[in-house]
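S.K.: What follows is each chain in one-letter form.
2 protein chains.
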Amino acid sequence: MIDSLSLLEPLGLRRSLRHLSAGETLFTTGARVAELFIVEKGRVDLIRHMPDGNAIRLQSAGDGALLAEASLFSDSYHCDAEAAGETALLAFPKPEVLDALKARPDAALALLGHFAGRLQALRAQAALFGIRSAQERVLAWLQLQPSDAGIIAIDRPWKQVAGELGLTHEAVYRALASLVRERMIERLDGAVKLRV
Amino acid sequence: MIDSLSLLEPLGLRRSLRHLSAGETLFTTGARVAELFIVEKGRVDLIRHMPDGNAIRLQSAGDGALLAEASLFSDSYHCDAEAAGETALLAFPKPEVLDALKARPDAALALLGHFAGRLQALRAQAALFGIRSAQERVLAWLQLQPSDAGIIAIDRPWKQVAGELGLTHEAVYRALASLVRERMIERLDGAVKLRV
DNA sequence: GCGCGCATATGATTTCGATCATATCGTTGG
DNA sequence: CCAACGATATGATCGAAATCATATGCGCGC
Numbered sequence: 001m002i003d004s005l006s007l008l009e010p011l012g013l014r015r016s017l018r019h020l021s022a023g024e025t026l027f028t029t030g031a032r033v034a035e036l037f038i039v040e041k042g043r044v045d046l047i048r049h050m051p052d053g054n055a056i057r058l059q060s061a062g063d064g065a066l067l068a069e070a071s072l073f074s075d076s077y078h079c080d081a082e083a084a085g086e087t088a089l090l091a092f093p094k095p096e097v098l099d100a101l102k103a104r105p106d107a108a109l110a111l112l113g114h115f116a117g118r119l120q121a122l123r124a125q126a127a128l129f130g131i132r133s134a135q136e137r138v139l140a141w142l143q144l145q146p147s148d149a150g151i152i153a154i155d156r157p158w159k160q161v162a163g164e165l166g167l168t169h170e171a172v173y174r175a176l177a178s179l180v181r182e183r184m185i186e187r188l189d190g191a192v193k194l195r196v
Numbered sequence: 197m198i199d200s201l202s203l204l205e206p207l208g209l210r211r212s213l214r215h216l217s218a219g220e221t222l223f224t225t226g227a228r229v230a231e232l233f234i235v236e237k238g239r240v241d242l243i244r245h246m247p248d249g250n251a252i253r254l255q256s257a258g259d260g261a262l263l264a265e266a267s268l269f270s271d272s273y274h275c276d277a278e279a280a281g282e283t284a285l286l287a288f289p290k291p292e293v294l295d296a297l298k299a300r301p302d303a304a305l306a307l308l309g310h311f312a313g314r315l316q317a318l319r320a321q322a323a324l325f326g327i328r329s330a331q332e333r334v335l336a337w338l339q340l341q342p343s344d345a346g347i348i349a350i351d352r353p354w355k356q357v358a359g360e361l362g363l364t365h366e367a368v369y370r371a372l373a374s375l376v377r378e379r380m381i382e383r384l385d386g387a388v389k390l391r392v
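Chains as they are written, first to last, in our numbering: chain A, 1 to 196; chain B, 197 to 392.
It should be emphasised that the hints constitute simulated quantities derived from the structure, not laboratory data. Just so you know, these numbers come straight off a predicted model, no measurement behind them. Using N, Cα and C, we set each Cβ at its ideal position, and we do this for glycine too. No false leads were slipped in.
To give an idea of the chain B side of the interface with chain A (calculated C-beta under 10 angstroms), a few residues:
1. L242
2. G249
3. A264
4. E265
5. L268
6. H274
7. R300
8. F311
9. R314
10. A320
11. G326
12. E332
13. L335
14. V392
Below, simulated DMTMM-like cross-link-like pairs (lysine to aspartate or glutamate); rule was C-alpha separation at most 20 angstroms, straight line:
15. B/K389 with B/E378
16. B/K389 with A/D52
17. A/K102 with B/D295
18. A/K102 with B/E205
19. A/K41 with A/E24
20. B/K355 with B/E382
21. B/K237 with B/D276
22. A/K102 with B/E292
23. B/K290 with B/E205
24. A/K102 with B/D302
25. B/K237 with B/D259
26. B/K355 with B/D241
27. B/K298 with A/D106
28. B/K290 with B/D199
29. A/K94 with A/D106
30. A/K159 with A/E136
31. B/K389 with B/E332
32. B/K290 with A/D106
33. B/K298 with A/D99
34. A/K41 with A/D63
35. A/K94 with B/D302
36. A/K193 with A/E136
37. A/K193 with B/D248
38. B/K298 with B/E205
39. B/K290 with B/D302
40. B/K237 with B/E282
Can you make the complete structure from the sequences, with help from the hints?
M.R.: Shown next, in the form of structure tokens:
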């Protein structure tokens, strides 16, 4: 869990609770940014609607995630936010957050570190998506996962992993099967062992 | 140009110059992080070498870009940095940067804003990569570009754009041709006009 | 001027992942 | 217990992008 809350909590700011049901909108493009949101429980999707009618999902913010970090430095939103299900949010008044960060350099540094980590993770993900072959993509992903002596625990269904990888679940199963055939990996119960 | 320099300059830090030729290495995985680098002129690629011998490019830092932001908060590097050509770098001592940011909350905030912008851009790029169809991907990319009354100036070869889009240049040319056929765009000299 | 490299552009063929279909297994709930 | 559902798994087919091939135009150096 990405615990952004621990970064803002020490600031001792006023906070309000917000609750959204599936499909409800938190803000829309162009709206003034008055608050900074953290997803406490649930999921909020950030959607950008393109002029041609299509839409792309910029961020899918789950438990503990900071919503639209860039909004802290922008007057208005550049995308829409929509709850993907029952969602509880924490809202902090933006001006107070900025003032507090100015007054507390340690907190600003901590947040900076958090942003840096997110950047690193996103860069890794982008690099992964640049790999064309399903097999190599899955292998690269496995190699990036935290491993214990070559053993990588897989705690969620492959179907979900497939989504993160930008592949269909069929493609992932096939890639795994090929990797086993080629002796690149071994499959254990709820885990994968790398042989590279 | 991503001018990260203007964020560190006001701190009045000691700086040193570094020069690399094509293929030269700035740092390698595991090395201690002693300095923070900004690319003054040229390009540095951040490469992560996978255990199986493959390599993925995490970041391609061009003029004015901050190199491996996350290194500011890490003791050692998690990737290799290699110059893609003749490259001039500015190096700032990491501890001094951190101290200065602690002492100057405005500078920390400014850097935070920069990181937030980078996050936003990366999110947009990642979302783009999620679009399968070459045609829609190119269209979405065009719609994200800064435009002046629907006119988008293209200042670099399509070949390079293709790389950013994760497509081959042939696919991009074909997508552009289709979009013109379907009257979604018009092609001007060194520019594209959106008709959506 | 001429040759060379590069961007642009498009045709032909191949490859590989998406899609559709199907089957098994394990869990969960009535 | 058994029906229902979801995860796992694999086969068949299709389509779209990669790859390979080729051609033109443009700028640049000799």
